[in-house]
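Turn these sequences into a full structure, and let the hints steer you where they fit.
Listed below are the residues making up each chain.
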Amino acid sequence: MDTTLATTAEAASAVRTCGSCGRPPQPGFAVLLCASCRTAKAARPFPRWIHAGSVFVAGVVLIAVVRFPAALSGAIAFERGQRAEARGSFDVALAEYSKAADRFPDSTLVIARKGLAAYHSRQYAIAAQAFDKIAGQNASEGLAREVNGAILEMRRESSAKR
Amino acid sequence: MFFIPGPVIAVLTFPGVIVHEMAHQLFCRLFRVAVLDVCYFRLGNPAGYVIHEPTLVPRQQIWIGIGPFIVNSILGAIVSLPAAIQLVQFDVGSPLHYFLIWLGVSIAMHAFPSTGDAKTLRTAVSGPSVSILAKLVAYPIVGMIYVGAFGSMVWLDAIYGLGVALATPKLLVMLFA
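Respectively, the protein sequence lines represent chains A and B. Quick note on the working numbering: the first sequence kicks off at 1 and runs consecutively. Quick note on the working numbering: the second sequence kicks off at 1001 and runs consecutively.
Watch out, some of these pointers could steer you wrong.
[Said to hold, decoys possible] Computed far set for chain B versus chain A, every beta-carbon distance over 10 Å:
(1) V1011
(2) C1028
(3) Y1049
(4) I1070
[To be verified] Restraint-style ranges between C-beta atoms, simulated for each label pair:
(5) A:R67 - B:L1136: 43 to 53 Å
(6) A:F56 - B:A1167: 19 to 29 Å
(7) A:G88 - B:I1132: 53 to 63 Å
If you are wondering where the hints come from, they were derived from the structure by calculation, not from laboratory data. This structure is a prediction, so every number in the text was calculated from the model and none was measured. Where is the CB? At the ideal position from N, CA and C, for every residue including glycine.
Listed below in structure tokens is the structure:
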């Protein structure tokens, strides 16, 4: 009985070959593969459509990345403007918002903040120019209230001088 | 809270599914683990899969399991980075920017390993031959994967995707300002 069992085990071990090519498999692995077949299966290539898709996406990202440094510097200037505005340094805020506005000339938020910084630093000509540019644009309720309040105040001061 | 069937989400965010499976495959390649079958995307559950041989050491299974979390998060942030500032912060985006945001969010929201990944990892580390240290490392990861997978029912994956894609540029700006 024991002999029979041993013979069966030997026979079973004798047929252990690489599932892919029939060569002796690498020991210690659950899936029977020889070293070269294991390497080949581990390095299974990506399909062509994935390569094509990756190239397309990389191209699109590259186009956007080229413009990114300018967008980033504009956003940094805007952030610095907000910080300056929060501590009451409206001249600094105006300078930073102006840099941001050069980069994002169509952004209602940037132009509005530039106008508000100009208003607070009493540079009404710049403020009026900024507010004219965004007249009729959609903005958040808070921003619209701030801008409209500044415009009203400037009108009041202007008529008081007359 | 509204419910959208998983297959619909998978179709709408298919690039994320593809990148998720590619990440599993990449880590298999890195650890020389034989890949037996791959499906990058299909209309079904799961939407994609990678079938690989059991790993020799649990550490490899952990890396293969969390590979998509690393790759999808980084790639999602990179892809959406150039567009997020213009579109989200200043609302001055072009169609290219909208495309990049969709792509970035799609990729990042598939960063979470699936419950299938967690199950594979749990099986790999539950054997008696696995060291206590490996179990101590792996079980919290398995737990987090389950939390993430079940969290997707309350849009946690989408929130994470949006966070990665949209918050990274904001952090970058705050860092340099």
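Structure-based check of all given hints:
No Cβ of chain A approaches the Cβ of B:V1011 within 10 Å, the least distance being about 16 Å, so the stated non-interface status holds. The non-interface label for B:C1028 is inconsistent with chain A: the shortest C-beta to C-beta separation is roughly 6 Å, within 10 Å. For B:Y1049, the shortest C-beta to C-beta distance to chain A comes to about 14 Å, beyond the 10 Å cut-off, and the non-interface label holds. Non-interface call for B:I1070 relative to chain A: holds, since the shortest CB-CB distance, roughly 17 Å, exceeds 10 Å.
At roughly 47 Å, the beta carbons of A:R67 and B:L1136 sit within the given window of 43 to 53 Å. The hinted range of 19 to 29 Å is satisfied by A:F56 and B:A1167, whose Cβ atoms lie roughly 26 Å apart. Separated by about 59 Å at the C-beta atoms, A:G88 and B:I1132 satisfy the suggested range of 53 to 63 Å.
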